[in-house]
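Enquirer: Chains as they are written, first to last, in our numbering: chain A, 1 to 394; chain B, 1001 to 1394; chain C, 2001 to 2378; chain D, 3001 to 3378.
One thing to keep in mind: the hints can contain errors.
Listed below are the simulated DMTMM-like cross-link pairs for lysine to aspartate or glutamate, each with C-alpha atoms no more than 20 angstroms apart in a straight line [to be verified]:
1. K3042/D with E3027/D
2. K1332/B with E3320/D
3. K332/A with D36/A
4. K332/A with E2022/C
5. K1112/B with E1123/B
6. K3108/D with E3215/D
Covered stretches of chain D (chain A as the covering partner; in silico rule of three or more C-beta atoms under 8 angstroms from a C-beta of chain A) [what the hints assert, rightly or not]:
7. 3170-3180
8. 3287-3294
Residues of chain D clear of chain C, computed beta-carbon distances all greater than 10 angstroms [stated by the list, open to error]:
9. K3031
10. G3036
11. G3118
12. D3165
13. I3190
14. A3209
15. R3217
16. A3273
In case anyone wonders, no lab produced these hints; they're calculated from the structure. Positions of the beta carbon are idealized from the N, C-alpha and C atoms, including for glycine.
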Amino acid sequence: MNTESNSALRSEIAEWMATHLTGRFEALRFRGNSGDGDALPELRKEWERELARGRWTCPGWPEDMGGRGLSVAEQVVFQEEYGRAGGPGRMGHIGEGLIGPTLIAFGTEEQKQRFLPKIRSGEEFWCQGYSEPSAGSDLANIRTRARKDPVTGEWIVSGQKVWTSLAHLSDWIFVLARCDEGSVGRNGLIFLLLPLDQHGVEIQPIRQIGGSAEFNSVFFEGARARAEHVVGAPGEGWKIAMALLGFERGISTLGQQMSFAQELELIIEIARENGAGRSPIIRQRIARAWVGLRAMRYLAMRVLADDPSGDMRREVLGYKYHWSNWHRDLGKLAMDVLGLEANIVSNDPRRERLQQLFLFSRADTIYGGTNEIQLNLIAEQGLGMPREPRGTLG
Amino acid sequence: MNTESNSALRSEIAEWMATHLTGRFEALRFRGNSGDGDALPELRKEWERELARGRWTCPGWPEDMGGRGLSVAEQVVFQEEYGRAGGPGRMGHIGEGLIGPTLIAFGTEEQKQRFLPKIRSGEEFWCQGYSEPSAGSDLANIRTRARKDPVTGEWIVSGQKVWTSLAHLSDWIFVLARCDEGSVGRNGLIFLLLPLDQHGVEIQPIRQIGGSAEFNSVFFEGARARAEHVVGAPGEGWKIAMALLGFERGISTLGQQMSFAQELELIIEIARENGAGRSPIIRQRIARAWVGLRAMRYLAMRVLADDPSGDMRREVLGYKYHWSNWHRDLGKLAMDVLGLEANIVSNDPRRERLQQLFLFSRADTIYGGTNEIQLNLIAEQGLGMPREPRGTLG
Amino acid sequence: MTLVLTDDQRMIRDEAARLLSERSSSEAVRKIVDSGAGTDAKLWSALSRELGWCSMAIPEEFGGLGLGATELVLLQEICGQWLACVPFWSTACVATPLLLAAASEEAKQRLLPAIAVGDLTIAVAWGALGEINPLAVCTVNAAKVDGGYSLHGHVSQVVDLPFADLVLVPALLDGVLSLFAVRRDAGLHIEPLTSMDATRPIGAARFDALELPPESRIDGDGLTSDAVEAALALAQLCFAAEQAGAARGVMDVTLAYVAERVQFGRAIASFQAIKHRCARLEVDIAEVRALIYGAAANFSADDAGELRLEASGARALASELLFRAAEEAIQLHGGVGFTWEYDPQLYFKRAQATTAILAQPEGHFCMIADALLGEASA
Amino acid sequence: MTLVLTDDQRMIRDEAARLLSERSSSEAVRKIVDSGAGTDAKLWSALSRELGWCSMAIPEEFGGLGLGATELVLLQEICGQWLACVPFWSTACVATPLLLAAASEEAKQRLLPAIAVGDLTIAVAWGALGEINPLAVCTVNAAKVDGGYSLHGHVSQVVDLPFADLVLVPALLDGVLSLFAVRRDAGLHIEPLTSMDATRPIGAARFDALELPPESRIDGDGLTSDAVEAALALAQLCFAAEQAGAARGVMDVTLAYVAERVQFGRAIASFQAIKHRCARLEVDIAEVRALIYGAAANFSADDAGELRLEASGARALASELLFRAAEEAIQLHGGVGFTWEYDPQLYFKRAQATTAILAQPEGHFCMIADALLGEASA
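Next up, chain A with everything else stripped away, as it sits in the complex (with noise of 0.2 angstroms):
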């Protein structure tokens, strides 16, 4: 994997950025990322049609599905220009990084029609139907139900989602339910693709530790789906559900690097303004920090590189509990470089994005896999040590 040439691409993306996150779309440098998610949405949706009008949504996609077809690498040159601009959260990511690769990969023909294209032009936005109350961390637990319709052979479904990340501002939802009555378990599960906009779909927010409110619960009460919007077979649907979550395969990551990087910068400066730059501690944890980051970066790379070998089948592992810990730990660094000023909220740009910072970044550890899940994954499937015996409550 080469990234430091491309450079051509490189360019090319930072000059169309330069020249286009600009203006009104100014506003949203920045913003947007985790924990800001519900940040200026209108304005991101246009932001993502502007986007789309440069073709820089999806490049990743096989050119015949209306991407650039660009390899891994040249994906990685993508996110890094993009947030080294300050891009902002992406409204699209769902639908270009999760729900399209798994329609390229499992969809029908028609399914790819219907979709591929909204999705590239920024004209629907998907979220994620997963989690539940009682299936977070033990996904398997699904109880959200899928009935057949005999009449119209539409689904018919009943539950509840929560930590949707943005659903409310989404049109479309792809929903991992069970759909054989007394099924337990991986068995029995249908993945489905539902609009939400409509009768039986209620979304309720949840209000965030920082006040905002990014994730919703869905609740379905005989939503429905069409008979053609499942993906793979009836029964199947673990499958394809974890096969959607193996498309996440980090690459922007190394976007989010570069915001990382931006807030050490920042902190960095702050030290420097304050004086905390002076105290021999916080230098050594500035230090850390700018270690942790180097060593993220490579492994980000590394774990991209997708090396034939299988050497680095544990690294892979580890890099989202490294990460993640990473980035709860710079928000701590933040509040004590800031002080006794960290208590106090003022509209001083610097410091409100610090103390957003160190309040969302306190999900990092526990969306998309708890720091507990990540350490069992990397010790049964990393170490080969044994399986978590699994209880009978609940």
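Guided by the hints, dock chains B, C and D onto chain A, whose structure is given.
Expert: Leaving out everything else, chains B, C and D in the frame of chain A:
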């Protein structure tokens, strides 16, 4: 509990130590503590008899058993002054602190007459036969068997004990063994007293990380305990064994803390001399160590005070974890203060003491209940969290 | 010196716990948070006027109960445990010891009885709240003028200021640190600040040539005595107690949650990694509490002695402990941990806010190291 | 820049791993430890003479294979994993880069081919082994004398000295740091030291007006160039690789033990707290390895650049990681963990010894902070 007063007693002990821990006993100062337990054994046995002549062995035993009947607070004073004066690790500890009180509480009149005076006088030394290769943390998994000789009524013992401290320097051992064939767990155990100097007992030293051998494996093959040397009834060995552990109330830990304080003092002295004390990180660590030691002292005082209201139940549980990890970390601090010199073995007594601290303190978080067992106990007994499910192996 | 609580002390503690568990419940605290007030005036009135909390450590001669440091730390622990939105620390654990240490007899006679009956809530405008000794960096100057004194300066953060009746202001007068008592209606400029931790109000105080009568200067002979140092150490210790109590509180919240939350067919409290993490927190809580109770039992109002180091040690450990306990609470609550609806976020914000007040842990350890090793020359 | 190993690199690594798993087994290492030698001469001969390990990073013009930093860190990792008692680091990762960076063309021609074929084992008498840049504190002085040079001074700890054929000695000559090559039979006083970590020999070197011929000075123009700094950074990086490898090694030992040890009717590997602790170590191993491989892939012999910071970062993390891995190994082995008979103690002593060599973690972090923040004025 009053520790600052008792000043008459305090000066009596200090004076006695000053006048007796001299001459040939001088060599014993600060020796024989954890990890160094097999140092100078013969001289230390003589020292025990010297203590006995001063009536400073078993000072907490009732007067009619040969003790002084000191209160807990007074025993604390003794331990503190003993430690402050550099009194060596007590060869008689197991007799005085564990089996003695057990016999006083549960022994027959005959057992008391037979054993207590020689414990008090420093004539007979004891060791503890609890742990086995597959019954370490899991003590209820005892496999050593005791079978009654139908002719003599003696108990015939076969099996293996491990981690028997100072067995090679002891005269007697108390053994927890399984007397009911086919029993499991805490049932069917017996608590026996055996002389070590007999056919059927073999003692093998276990060489430790620092090269010394304080611990032993003790192999029994048809070794015999007299019929009248059962404590409690056959079958209720678990009860006696647990009661015995309860007598280890940690009074000796206040003496131990004196030794910890001297170690910390030595580290500070060296840090001042070699410049390590200018490092902000070393300074933080030294300050932490000091704070931890202060807390340990108050913790011990709270534990010993035995609050009738039960407020301290949780804190009692955590005390061992606290002191052992503190001490282990002190060992690492000592090495980092020594810097490059830490790695070089020489006959500099200060460096040697800190190197021993470093190596031997590794045992602190393992023997007498590993960290993991301590944390289980705190979680289960202190915090009421669910018990760990037992497996079916072994 | 006894490290076992007396029956009276246990009664005070248990009664406080019973009361705050009702009156400072999660709902009650959230009401204050939502209101933006930061202080629960009704609760404070109950504690200070009806229950006499502020009289605890005031000598009997000034209308108090004549109890001591142990009672203060016990109450502070309970306040922390329930995140009580009351200015108890400012009034009883900072202002009162400072008055006892440094005020003239006349000022004591005037102020302490009013505090004891709950008529006077006091904030202390420390010069540099981020310092271990916030008097060392004084940002207010006083000058003698006709008819009294004039104060100039600015204190950027004063805990409980928006709610206080009276503000104690250490100020430099002719090079000597003196103590002034300023009523909030005396022309003081108060700017309320919005705090991330909405359970305690903070304000900025500005003194623009504020003219005060002669009796507003209340110190006997400056703020330099050992007694003042002891008072500061007591304030630190009581703050540590609040933090330790909050750690206990958030841990109780967590223990209750993990006992109920089922994943993989088991209460998550049954997972060993979770048990061990809770147990380690418990060990650390016990450590800090032992240090706090031990130091409180040794407290002497005339001699800071080792109390200064122990109080600093307790503060450093308590700051770290509370933050870790709150952080673990969020983590162990999983998805709901970072929601507004669950309580970990309340403790988490309190944790961060209290870390910075009266010096971060490293500052405390630095000070202890200086005492043990001599000041660093590097 | 590629972060995937080439097939050749994988082959080198796998072959090395296969060999050392046989030739540097626990029994083999213990034999060296018991002998007090600290070096396994036979193994070293096999590696250096038969397998050409020392030729890896020597350019082809000097008889080497012309490979680079990545091959060195791969081999160092394997050496660490098996605690191989060989002077590979000193010879191939310190002396060779230093010669390449600073030696005159003549000296390179003379020395490098001999190193490449395994005829020359070299120790470097760093002035201050506890520093990040051990050349910065030079404890040896050189003077020009009739017929050559005279060296004075003392280097208190020289890694691999007791086994080396040749010692490289940085010495101050007329205020310029120069490099001398001293054969062990040239009258050098070597005092072997007893090391707690008996898997690597250490000696003290004393130069008492040691007279040397002119060709013993081997530097081109002093030891000040960027190339020398890059060589030092590479030495740090390779040392980090050894530590990371040792962490992997001791963790493998631990994983094998906990998979077999049964307590409470279960393999202790099934206890979640133990799983999580092992998993966290694994995450940290991956972190350090990524940093090492990334830095090695970026290595340029002419420009220390960011390599210096990354190598320091890798060293800091690897020191902490190895110590923690070894500490956990002892703990998770329970009673047998602190016995002589089991292997954790070997790694544990290596962990402590390597922490102190070439600066402790805080020193490395300090240096990085200075680069990021400017030097501390406090």
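Enquirer: Which of the listed hints are broken here?
Expert: The structure breaks hints 4, 7 and 16; every other hint is satisfied.
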